[in-house]
Every structure is written in C-alpha cells, then in structure tokens.
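For the sequence shown, the positions run 1 to 154 when the working numbering is used.
A few of these clues could be false.
Restraint-style ranges between C-beta atoms, simulated for each label pair [said to hold, decoys possible]: (1) Ala71 <-> Thr140: 16 to 22 Å; (2) Arg48 <-> Ile94: 31 to 37 Å; (3) Ser1 <-> Ser133: 32 to 38 Å; (4) Val153 <-> Leu75: 18 to 24 Å; (5) Tyr103 <-> Lys147: 16 to 22 Å; (6) Leu26 <-> Val153: 28 to 34 Å; (7) Ser90 <-> Ala144: 40 to 46 Å; (8) Val153 <-> Ala71: 19 to 25 Å; (9) Thr140 <-> Thr63: 25 to 31 Å; (10) Ser133 <-> Gly89: 36 to 42 Å; (11) Leu96 <-> Arg58: 36 to 42 Å; (12) Ser106 <-> Val54: 38 to 44 Å; (13) Ile94 <-> Arg30: 31 to 37 Å.
Everything labelled a hint here was simulated from the structure, so no lab data went into it.
Beta carbons: idealized from backbone N, C-alpha and C, even for Gly.
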Amino acid sequence: SPGAAAACGAAAGLIGGLTLTAFDRLVAPRLGDTAPRERRWDEGVGDRLGRVGVRLSRKQRTTAGIATGLAYAVLLGAGYGLARQRWQGSPSAIGLLDAALVYAASFISPEPRRRPRGTRRRPNRLGAVRAVSSVSVFGTATAAAYKALSRRVG
C-alpha cells in the first residue's frame, strides 16, 4: 500500500540520513577531511532561524543542522518509497529514482570542489575519503534499507 511504502521509505531515509551524518561529521574529519560541507548546512539553518528571531549558539546550530538534515532525509525517503512502490516494475525507473535520490541529497551535503587536473599528490587516507561521495553513501544506504524494509513488510 502507499502508506506502507511511504513508511518504509521514511525509515530508510532516516537510516540513510544517519549514515550520511556519521560519514560527514565523524568519519571524514577523523581521516583529515576538513571540507566544511556540514558547517555550511548548519550555518544556513541557523541564519534562517535567526531571521525569525531565534538566536542559536554554535552547538545549537549544529544540533539544529543535524535535526533538519535528518528531517529532510526522512521526507526524501518517504517520497522515494512512494515512487519506488509506484514504478516497481521498471528497472530503468528505479535507476532514475536512485539517481534523483542522490541529487536531492546533494543539497544537504554538497561535494567539495575537485583539484584541477595536473595536480599530483601521493595517495593517502584523505584522498580515499574524498573519492567517496557522501551523497552516494546516503543514496546507497537509503536504497538498501528500503529494499530490506520493504521485503519485511511484504
């Protein structure tokens, strides 16, 4: 049913959002990635709240950024679940939905700019982290969670 598909999608979106948050805020910084992806999101949320009179400390901005990012991921997941349920018989539509999910997640965690060609550096852990797209981590985790949850629901 559409309700069950939306619920599975919302739960999958939450799983994907938690995965994205953990990757961007815990894993990448520990490996030396200092890209301010999540900081820009937090500042944007704090600025919008400031316009309506809510002043937040840095810690509160971070908390609000995480909460709104997870809420956005849940909404994306619910929409994804509905669309997957609607077009479940078409592999090409599923592929397009997966790509749209990754694109929509890029608003939460925009990718850092790549180095211009010709710049050579030795490979290291930071290069390995930057080679992984955080939004593709979100898309992969959400799609896998949706597939597993929808199997359990029936």
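Hint check:
no.: 1; hint: Ala71 <-> Thr140: 16 to 22 Å; verdict: holds, 21 Å
no.: 2; hint: Arg48 <-> Ile94: 31 to 37 Å; verdict: holds, 34 Å
no.: 3; hint: Ser1 <-> Ser133: 32 to 38 Å; verdict: holds, 33 Å
no.: 4; hint: Val153 <-> Leu75: 18 to 24 Å; verdict: holds, 19 Å
no.: 5; hint: Tyr103 <-> Lys147: 16 to 22 Å; verdict: holds, 20 Å
no.: 6; hint: Leu26 <-> Val153: 28 to 34 Å; verdict: holds, 30 Å
no.: 7; hint: Ser90 <-> Ala144: 40 to 46 Å; verdict: violated, 19 Å
no.: 8; hint: Val153 <-> Ala71: 19 to 25 Å; verdict: holds, 22 Å
no.: 9; hint: Thr140 <-> Thr63: 25 to 31 Å; verdict: holds, 26 Å
no.: 10; hint: Ser133 <-> Gly89: 36 to 42 Å; verdict: violated, 29 Å
no.: 11; hint: Leu96 <-> Arg58: 36 to 42 Å; verdict: holds, 39 Å
no.: 12; hint: Ser106 <-> Val54: 38 to 44 Å; verdict: violated, 27 Å
no.: 13; hint: Ile94 <-> Arg30: 31 to 37 Å; verdict: holds, 34 Å
In terms of the numbered hints stated before, the structure departs from hints 7, 10 and 12, listed from lowest to highest.
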